[in-house]
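Protein chains in written order, with the numbering used here: chain G, 1 to 82; chain Z, 1 to 82; chain W, 1 to 146; chain C, 1 to 146.
Hints were generated in silico from the structure; no laboratory data involved.
We put the beta carbon where it would ideally sit given N, CA and C, even for glycine.
Misleading hints may appear alongside valid ones.
Covered stretches of chain W, as calculated for chain C (at least 3 residues, CB under 8 Å) [said to hold, decoys possible]: (1) 15 to 28; (2) 32 to 41; (3) 54 to 62; (4) 86 to 100.
Read off the chains here:
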Amino acid sequence: MVEVVYFAWLRERIGVPRERVETGAATVSDLVAELSAREPRYAAAFADLAAVRVALDQELSDFDAPLAGVREVAFFPPMTGG
Amino acid sequence: MVEVVYFAWLRERIGVPRERVETGAATVSDLVAELSAREPRYAAAFADLAAVRVALDQELSDFDAPLAGVREVAFFPPMTGG
Amino acid sequence: MRISVQEAPFDLGAEIAGFGAAGNAGAVVTFSGIVRDDTGRMVALELEHYPGMTEKALTRIAEEAMARWSLADCVVIHRYGRLAVGEPIMMVATAARHRKAAFEAAEFLMDYLKSRAPFWKREIGVDGPGDWVDAKDTDEAALNRW
Amino acid sequence: MRISVQEAPFDLGAEIAGFGAAGNAGAVVTFSGIVRDDTGRMVALELEHYPGMTEKALTRIAEEAMARWSLADCVVIHRYGRLAVGEPIMMVATAARHRKAAFEAAEFLMDYLKSRAPFWKREIGVDGPGDWVDAKDTDEAALNRW
Numbered sequence: 001m002v003e004v005v006y007f008a009w010l011r012e013r014i015g016v017p018r019e020r021v022e023t024g025a026a027t028v029s030d031l032v033a034e035l036s037a038r039e040p041r042y043a044a045a046f047a048d049l050a051a052v053r054v055a056l057d058q059e060l061s062d063f064d065a066p067l068a069g070v071r072e073v074a075f076f077p078p079m080t081g082g
Numbered sequence: 001m002v003e004v005v006y007f008a009w010l011r012e013r014i015g016v017p018r019e020r021v022e023t024g025a026a027t028v029s030d031l032v033a034e035l036s037a038r039e040p041r042y043a044a045a046f047a048d049l050a051a052v053r054v055a056l057d058q059e060l061s062d063f064d065a066p067l068a069g070v071r072e073v074a075f076f077p078p079m080t081g082g
Numbered sequence: 001m002r003i004s005v006q007e008a009p010f011d012l013g014a015e016i017a018g019f020g021a022a023g024n025a026g027a028v029v030t031f032s033g034i035v036r037d038d039t040g041r042m043v044a045l046e047l048e049h050y051p052g053m054t055e056k057a058l059t060r061i062a063e064e065a066m067a068r069w070s071l072a073d074c075v076v077i078h079r080y081g082r083l084a085v086g087e088p089i090m091m092v093a094t095a096a097r098h099r100k101a102a103f104e105a106a107e108f109l110m111d112y113l114k115s116r117a118p119f120w121k122r123e124i125g126v127d128g129p130g131d132w133v134d135a136k137d138t139d140e141a142a143l144n145r146w
Numbered sequence: 001m002r003i004s005v006q007e008a009p010f011d012l013g014a015e016i017a018g019f020g021a022a023g024n025a026g027a028v029v030t031f032s033g034i035v036r037d038d039t040g041r042m043v044a045l046e047l048e049h050y051p052g053m054t055e056k057a058l059t060r061i062a063e064e065a066m067a068r069w070s071l072a073d074c075v076v077i078h079r080y081g082r083l084a085v086g087e088p089i090m091m092v093a094t095a096a097r098h099r100k101a102a103f104e105a106a107e108f109l110m111d112y113l114k115s116r117a118p119f120w121k122r123e124i125g126v127d128g129p130g131d132w133v134d135a136k137d138t139d140e141a142a143l144n145r146w
């Protein structure tokens, strides 16, 4: 079980700000593939991964990173602070 | 006749903040030579001209500049604003 | 050092009153970002952030600036929520002994904030919510100088 | 654009309230200089200036910054007289559309102020008036980048 959170247009496309996901995915890429296979709204949100960033337990990470021990996965567009 | 003003340690060495000087000096250098010949306090103040700056009518200038038409000559050390 | 992620406005003057005095700072630099309307049709920005991660990211960036430029003090305040055109979005302030360090540290903070703090902006136009603001390649490139 | 040469303190927050709004500025940078005591024996700085020339020099420097970085607004305030350790000596503020211009213009203003505005500083120590502060070669060198 992992908590998955979405921000900005990813949140809008997927339709929820956060959800608990039952998964055995080994990496972030595996999780994205699992979700994208599940419903079209995920496939739409993850269609262009170059425009998606990921954080694991609130630390910026990448799609190759392992999910073992991770409690919170966040997907969001490139950040625009300041 | 020209108004001569002094700032910072030049003012202290010369002993007055400003004075009217009767002079026929053609350039700033000539005026400095005239004053230095007049009294030791001027010679002391102008001993090291590398440490002296000059402004003519409130515009930074240099020692070669002509004095014709100038109303106010200012001598001071390098500026330390900010 | 002070980090704040808040919905409320901030008072820049109050934030830097006496700022850096304990560290014998001679130079204080501040940057503030203001909601700008380039189209003439925008009324506000809606800023979303990632509670928890935002504070961590800002703290890490500020700690790096403190260490790298030996700052006497450092403040980072970033707002979220709906901010009208003309309202201040965020501020940073740096206090250092000399001006070069204070300027560089403030620019470093801004460059990192732009691309490494989890905020997202959406334009609210006269006709309602509009587009999410895209990240700029120039902002990502600005990180390379540090 | 506002230039002021004054003995009285200034209020940085008040100076930049609403600053640059008319020009749709998105970025405001301020610098303030504070009397620093590096020796532990200084109580104040005495700042002397050249009334008339000071205002002209500051106005010219500010006008150049306004034009060169297309600033929405610009403020330069410089104090004179006796200023205790910890007191603000001067401030500049710049408002521009983007942060790079606001930062560069503020650094330009500071570099020129340091070496081209007719101010002179003398240290007042615990035992009375001390040395006049020497101009720094690094300040003169800083002008070369502009």
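How the hints compare with the structure:
Counting residues of the stretch 15 to 28 of chain W whose beta-carbon sits less than 8 Å from any beta-carbon of chain C gives 9, enough to reach three: the coverage restraint holds. Figure legend: the stretch 32 to 41 of chain W, annotated as covered by chain C; annotation consistent (7 residues with Cβ-Cβ distances under 8 Å, at least 3 required). Counting residues of the stretch 54 to 62 of chain W whose beta-carbon sits less than 8 Å from any beta-carbon of chain C gives 0, not enough to reach three: the coverage restraint is violated. Interface restraint, the stretch 86 to 100 of chain W with chain C: holds (3 residues with C-beta to C-beta distance below 8 Å; minimum three).
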